[in-house]
Amino acid sequence: MSSATEPAPGRPAGTGVDDEPWSDFRRHLLEDGILLTTGVDGIYGRSATYESVVGAVDALAVAAGADLGATNLRFPPVMPWATFEKNGYLESFPDQMGSVHSFRGNGRDHAELLRRTESHEDRGPLLETTDIVLCPAACHALYPTQAGVLPEGGKRFEIYGYCFRHEPSTDPFRMQSFRMHEFVYLGTPAGARAHRDEWTDRGLAVLRGLGLEVEPVVANDPFFGRPGRMLAANQRSEELKFELVAPVFAARRPTAIASSNRHVDHFSRPFGITTADGELAHTACFGFGVDRITLALLDRYGTDPNVWPVAVRSVLWP
Amino acid sequence: MTVDETIRQVLADHGRLAVPVDTLADDADLFGAGMTSHASVNVMLALEDAFEFEFSEKMLKKSTFESIEAIRTGVLEMTGE
Chain G
8 MSSATEPAPG RPAGTGVDDE PWSDFRRHLL EDGILLTTGV DGIYGRSATY ESVVGAVDAL
68 AVAAGADLGA TNLRFPPVMP WATFEKNGYL ESFPDQMGSV HSFRGNGRDH AELLRRTESH
128 EDRGPLLETT DIVLCPAACH ALYPTQAGVL PEGGKRFEIY GYCFRHEPST DPFRMQSFRM
188 HEFVYLGTPA GARAHRDEWT DRGLAVLRGL GLEVEPVVAN DPFFGRPGRM LAANQRSEEL
248 KFELVAPVFA ARRPTAIASS NRHVDHFSRP FGITTADGEL AHTACFGFGV DRITLALLDR
308 YGTDPNVWPV AVRSVLWP
Chain P
363 MTVDETIRQV LADHGRLAVP VDTLADDADL FGAGMTSHAS VNVMLALEDA FEFEFSEKML
423 KKSTFESIEA IRTGVLEMTG E
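Sequence lines, in order, name chains G and P. Just add 7 to the spot in the first sequence (first one is 1) and you have our numbering. Just add 362 to the spot in the second sequence (first one is 1) and you have our numbering.
Rather than coming from a laboratory, the hints here were simulated on the basis of the structure. A hint or two may mislead.
[To be verified] Quick list of the computed label-pair ranges, beta carbon to beta carbon:
1. Ala318(G) to Val381(P): 54 to 62 angstroms
2. Asp384(P) to Ser109(G): 48 to 56 angstroms
3. Ala283(G) to Ser425(P): 28 to 36 angstroms
4. Gly279(G) to Ser418(P): 44 to 52 angstroms
5. Ala283(G) to Thr385(P): 25 to 33 angstroms
6. Leu97(G) to Asp411(P): 16 to 24 angstroms
7. Val156(G) to Ala374(P): 44 to 52 angstroms
8. Leu43(G) to Val381(P): 53 to 61 angstroms
9. Gly232(G) to Ser425(P): 14 to 22 angstroms
10. Ser425(P) to Pro277(G): 23 to 31 angstroms
11. Arg34(G) to Gly442(P): 51 to 59 angstroms
12. Val365(P) to Gly279(G): 35 to 43 angstroms
13. Asp384(P) to Pro223(G): 57 to 65 angstroms
[Said to hold, decoys possible] Part of the chain G face toward chain P, derived, beta carbon under 7 angstroms:
14. Pro234
15. Met237
16. Asn241
17. Ser244
18. Lys248
19. Val252
20. Pro254
The structure presented is a predicted model; accordingly, all values stated were derived computationally and were not measured. Each residue gets a CB set at the ideal place from its N, CA and C atoms; glycine is no exception.
Please take these sequences and the hints and turn them into a complete structure.
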């Protein structure tokens, strides 16, 4: 195991790559102590300064949905394998998943585990999967808890939590472990569509209020393989996913900082969630990418929030 | 089996249709008959196995699999018949 102070292989400590669109931004974040490298791409420590922005952004997200009477829930950043098997994640995103492993061997196995660790050999054969996986999206843990008949008018939830996607990158915007604050609806098809449309507008208002040049664009999830290309094409043609995209870096690369999704009956079918009139429910969610919004602000206004424009500071810290 | 018989067999095995495939006309909407996006992917893969080809990139979309007629057109295009 490399310690947190060791550089990642083949790269100088702390700074990362030099010729990517994000190289300057990444260097500022690390040199100014906003984020701390751990030696693994996409896994960072967060400073108090960074967290102060995260907290302020999150408060704006909460305020944007305060009138909806959503039930507030929190789940840990791990969830059961059983949920994962049922909700289709393994079919669609096997390359992004994170499975939690542990050791269940005997003393001899333990010695072998330590030997392999010391000599940097594959430890995999000595570790076993547990019955939990890392949560890939904040709302995924919700659906199994909602099996049954929804009340008239459906249900709304607010869920905040850490999410995991295995896509290591030196791009600060592509964290492997990041936070998502979601507003979820379960109910009728029309209700799900309305939720998605309404939250797209609310999300745009929040982000534009911070001076971010955000636009909604039709998007698709990174489904795996050739079958995935078909799922992605379906998702786009049905306009199931919108991302709110802001330009970042000197190159003004369009980067999603929030997203709005209709799942149709993708989650209600496996978990048996029905509307009051007995039809399969439709679900929808809007997610504020709290870490990405924070990074977009740091990219746009610099790494010292104390000297950000008054108009932005007064929104974040009224 | 003829091309149509094979297509109907694949749909029966993988389409997760809400109605028996025999009751569907060639131009009936398969998604309307209960085929999900995920089921259509399994249909696509099973057709590739049955006919021993790979659909081209541009054909990997919903409309290619929306009806038996559309599937037949796609299959014949790929098998060059």
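Hints, verified against the model:
1. Ala318(G) to Val381(P): 54 to 62 angstroms: holds (59 angstroms)
2. Asp384(P) to Ser109(G): 48 to 56 angstroms: holds (51 angstroms)
3. Ala283(G) to Ser425(P): 28 to 36 angstroms: 34 angstroms Cβ-Cβ, so the 28 to 36 angstroms window holds.
4. Gly279(G) to Ser418(P): 44 to 52 angstroms: 38 angstroms Cβ-Cβ, so the 44 to 52 angstroms window is violated.
5. Ala283(G) to Thr385(P): 25 to 33 angstroms: holds (30 angstroms)
6. Leu97(G) to Asp411(P): 16 to 24 angstroms: holds (21 angstroms)
7. Val156(G) to Ala374(P): 44 to 52 angstroms: violated (32 angstroms)
8. Leu43(G) to Val381(P): 53 to 61 angstroms: Given a distance of about 58 angstroms, which is inside 53 to 61 angstroms, the answer is holds.
9. Gly232(G) to Ser425(P): 14 to 22 angstroms: holds (20 angstroms)
10. Ser425(P) to Pro277(G): 23 to 31 angstroms: holds (26 angstroms)
11. Arg34(G) to Gly442(P): 51 to 59 angstroms: holds (55 angstroms)
12. Val365(P) to Gly279(G): 35 to 43 angstroms: With a Cβ separation near 38 angstroms, Val365(P) and Gly279(G) satisfy 35 to 43 angstroms, so the hint holds.
13. Asp384(P) to Pro223(G): 57 to 65 angstroms: Violated: the Cβ-Cβ distance is about 44 angstroms, outside 57 to 65 angstroms.
14. Pro234: Since chain P brings a Cβ to about 4 angstroms from Pro234(G), closer than 7 angstroms, the hint holds.
15. Met237: holds (4 angstroms)
16. Asn241: holds (5 angstroms)
17. Ser244: holds (6 angstroms)
18. Lys248: violated (13 angstroms)
19. Val252: Hint violated; Val252(G) Cβ to chain P Cβ min 23 angstroms, cut 7 angstroms.
20. Pro254: violated (29 angstroms)
When the structure is compared with the earlier hints, violations turn up for hints 4, 7, 13, 18, 19, 20 and for no others.
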